[in-house]
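Chemist: Sequence:
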Amino acid sequence: PMVIEGGFKLAPWPEWRARWVTLLRSSGIGAFIGILPGTGATAAAFIAYADAKRRSPRSANFGHGEPEGVVASETANNAVSGGAMIPMLALGIPGDGVTAIMMGALTVHGIIPGVFLFRDQPDLVTSLFVLFFLANIMILVVGAAGAGLYAKLLQAPISLLMPAVVALSFVGAFAMRTNPFDFAVSIVAGVVGFLLRLNGFPLAPIIIGFILGTPLERSVRQGLIMTDQSFLAFFNSPIAAFLFALTALVLLQPLVKLAIRALRGTSNGA
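Sequential numbering of the sequence shown, starting at 848, is according to the working numbering.
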């Protein structure tokens, strides 16, 4: 829906009613990914977006301002923060870069996140939960109050907007490792992405693989070192076996749907 100029703006009730399934599903995706250490909001947003696009009957509109895609990606992006707090508070393991900074700040003040935090300082944990609840309300207020102003950014000339985006992309690539070689990688990745987009390839799975590739390689290498180069150790844990089964189910789901549609088509033809 178009955002018009003027003060406080909220989506009309029909929009909420039409998107509540996507809202809940993307919230679950974001919270689950937030619990997994080292993933982060970017991966959650693209995974939720890809999931919504795969399920939506209006998938052709994704990438052209489809509200369902915006709801999916932004809901997952916001849900990551709460999920990332779970391993930090319960296990002392930061879920992402933001919680790693929070964990460092708490440690400086003599507060050690972990299993004993709930026993030794329950008031602090309760305060954190209340503040997160209030923060979500403030996000809604600030976002709705500034919707008209934010929409004006869309009116900026593309000749001014895109150079700024490219410049910020290069700055971000250089800031990660302060390595000039990353400039060349950014240019090559941009050209490859442009060619893939011209040929109709979806970019979301590629971006997800690019984001999660490094943590995956690092975790596999650490696991092999800990298990004396045994790949079977990855399947011994019930939790690991469940995650592998869940991954296989997600990968096979499109094939199962195609098979069911083919069988239904055959039955209808007969």
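The hints are simulated quantities; they were obtained by calculation from the structure and are not laboratory data.
Treat the hints with care, since some could be wrong.
Said to hold, decoys possible - Pairwise CB distance ranges (calculated):
#	residue 1	residue 2	range
1	L1105	I959	20 to 30 Å
2	G995	S1077	29 to 39 Å
3	L1001	L871	45 to 55 Å
4	L978	V1097	42 to 52 Å
5	Q1069	V945	16 to 26 Å
6	A1087	G1060	14 to 24 Å
7	L996	T1025	20 to 30 Å
8	R1065	I959	41 to 51 Å
9	L1098	A865	56 to 66 Å
10	H911	F1017	23 to 33 Å
Remember, predicted model here, so these are calculated numbers, not experimental data.
For each residue, glycine too, the CB sits at the ideal point set by N, CA and C.
Chemist: Now tell me if each hint is right for this structure.
Modeler: Quick rundown of the hints versus the structure:
1. L1105 - I959: 20 to 30 Å: Hint violated: Cβ distance 51 Å, outside 20 to 30 Å.
2. G995 - S1077: 29 to 39 Å: With a Cβ separation near 59 Å, G995 and S1077 fall outside 29 to 39 Å, so the hint is violated.
3. L1001 - L871: 45 to 55 Å: Cβ of L1001 to Cβ of L871: about 28 Å, so the range 45 to 55 Å is violated.
4. L978 - V1097: 42 to 52 Å: Roughly 34 Å apart at Cβ, these two residues miss the hinted range, so it is violated.
5. Q1069 - V945: 16 to 26 Å: Because 23 Å falls inside the window, the suggested range holds.
6. A1087 - G1060: 14 to 24 Å: holds (19 Å)
7. L996 - T1025: 20 to 30 Å: violated (34 Å)
8. R1065 - I959: 41 to 51 Å: violated (25 Å)
9. L1098 - A865: 56 to 66 Å: The hinted range 56 to 66 Å is violated for L1098 and A865, with Cβ atoms some 29 Å apart.
10. H911 - F1017: 23 to 33 Å: The hinted range 23 to 33 Å holds for H911 and F1017, with Cβ atoms some 27 Å apart.
Of the numbered hints listed earlier, those contradicted by the structure are 1, 2, 3, 4, 7, 8, 9.
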